[in-house]
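> Listed below are the residues making up each chain.
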Amino acid sequence: KAGVTQTPRYLIKTRGQQVTLSCSPISGHRSVSWYQQTPGQGLQFLFEYFSETQRNKGNFPGRFSGRQFSNSRSEMNVSTLELGDSALYLCASSFRYNEQFFGPGTRLTVL
Amino acid sequence: KQEVTQIPAALSVPEGENLVLNCSFTDSAIYNLQWFRQDPGKGLTSLLLIQSSQREQTSGRLNASLDKSSGRSTLYIAASQPGDSATYLCAVRSDFGNEKLTFGTGTRLTIIP
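As they're listed, the protein sequences go chains Z and L.
Numbers 1 to 111, taken from my numbering, label the letters of the first sequence in order.
Numbers 1001 to 1113, taken from my numbering, label the letters of the second sequence in order.
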């Protein structure tokens, strides 16, 4: 069974631009969660999608948004990028509140 | 608000030793707890999941225990190897119906050959 995949693996953007990250969950998993990891704040929950609906949202500004498609693939978007958005963005998938499996992450650098 | 703490932040031990990593959480009303390892610049690898009704889980040289009443979990690694060097993170899922994981800050483990 293929694991969670994320694309792209690396991104370099400049302040003010927007970016879209993609996540494909493990086959059969309908829940996809997104996390931001930084050296200062650690791993922080962004949001979770299930069956194309956002079920939970973390404490991030509205510049961070996401969506989920009917095949459970998910995208997250960050608009008007700031230097502080530089981070490793991780997505995770799970089946019915059990073990969460993470992808390799997308490393975003904002210049 | 759930808070998860891992102490120490870093640990170095000689190869072959057994070791214990600690995780504590403030709200004992958890649904489950998961241990992960993270290699530098990589994603998280799931090691063990313990449901709130369980006391421990084992996988190979790893054993995780859970004491909900005291808000603690430990990850025991037997016969450590250099390949065990990584950052170990524990994460708590607080509610059924909520996939959000609250993570600790991790313990960076170095196994000295």
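For the record, the hints were derived by calculation from the structure and aren't laboratory data.
There's no promise every hint is true.
Each computed DSSO-like pair below joins lysine-lysine, with the alpha-carbon atoms no more than 30 Å apart [unchecked claim]:
1) K1100(L) x K1068(L)
2) K1068(L) x K13(Z)
3) K13(Z) x K57(Z)
4) K1100(L) x K13(Z)
5) K57(Z) x K1068(L)
Sample of chain Z residues facing chain L (criterion: CB under 7 Å; computed from the structure) [to be verified]:
6) H29
7) G42
8) N71
9) L90
10) F101
11) P104
Predicted, not measured: the structure shown is a model, and the values here were computed from it.
Cβ atoms here follow ideal geometry from the backbone N, Cα and C, with glycine treated the same way.
> Below or equal to 30 Å on CA atoms is what counts here, so check K57(Z) against K1068(L).
holds, 26 Å
> With 7 Å as the cut and Cβ atoms as the points, is L90(Z) at the interface with chain L?
holds, 6 Å
> Does P104(Z) meet its interface restraint, that is, does its C-beta lie within less than 7 Å of any C-beta in chain L?
holds, 4 Å
> Tell me if the straight-line CA distance from K1068(L) to K13(Z) falls inside 30 Å.
violated, 44 Å
> Hint check: is the beta carbon of H29(Z) less than 7 Å from a beta carbon of chain L?
It is violated, given that the least Cβ distance between H29(Z) and chain L is near 11 Å, above 7 Å.
> If you take the shortest Cβ to Cβ gap from G42(Z) to chain L, is it below 7 Å?
holds, 5 Å
> For the pair we were handed, K1100(L) and K1068(L), check the Cα-Cα distance against 30 Å.
Between K1100(L) and K1068(L) the Cα gap is close to 18 Å, so the pair holds against 30 Å.
> With chain L as the partner, please determine if N71(Z) meets the hint condition of a C-beta pair closer than 7 Å.
Check failed: Cβ of N71(Z) comes no nearer than 19 Å to chain L, outside 7 Å.
> Please work out if K13(Z) and K57(Z) have their alpha carbons no farther apart than 30 Å.
holds, 25 Å
> Classify the hint on F101(Z) as holds or violated, based on whether any CB of chain L lies nearer than 7 Å to its CB.
Since the shortest Cβ distance to chain L is 6 Å, the answer is holds.
> Are the Cα positions of K1100(L) and K13(Z) separated by 30 Å at most?
Holds, at about 28 Å.
Of the numbered hints given earlier, the model fails hints 2, 6, 8; all others are met.
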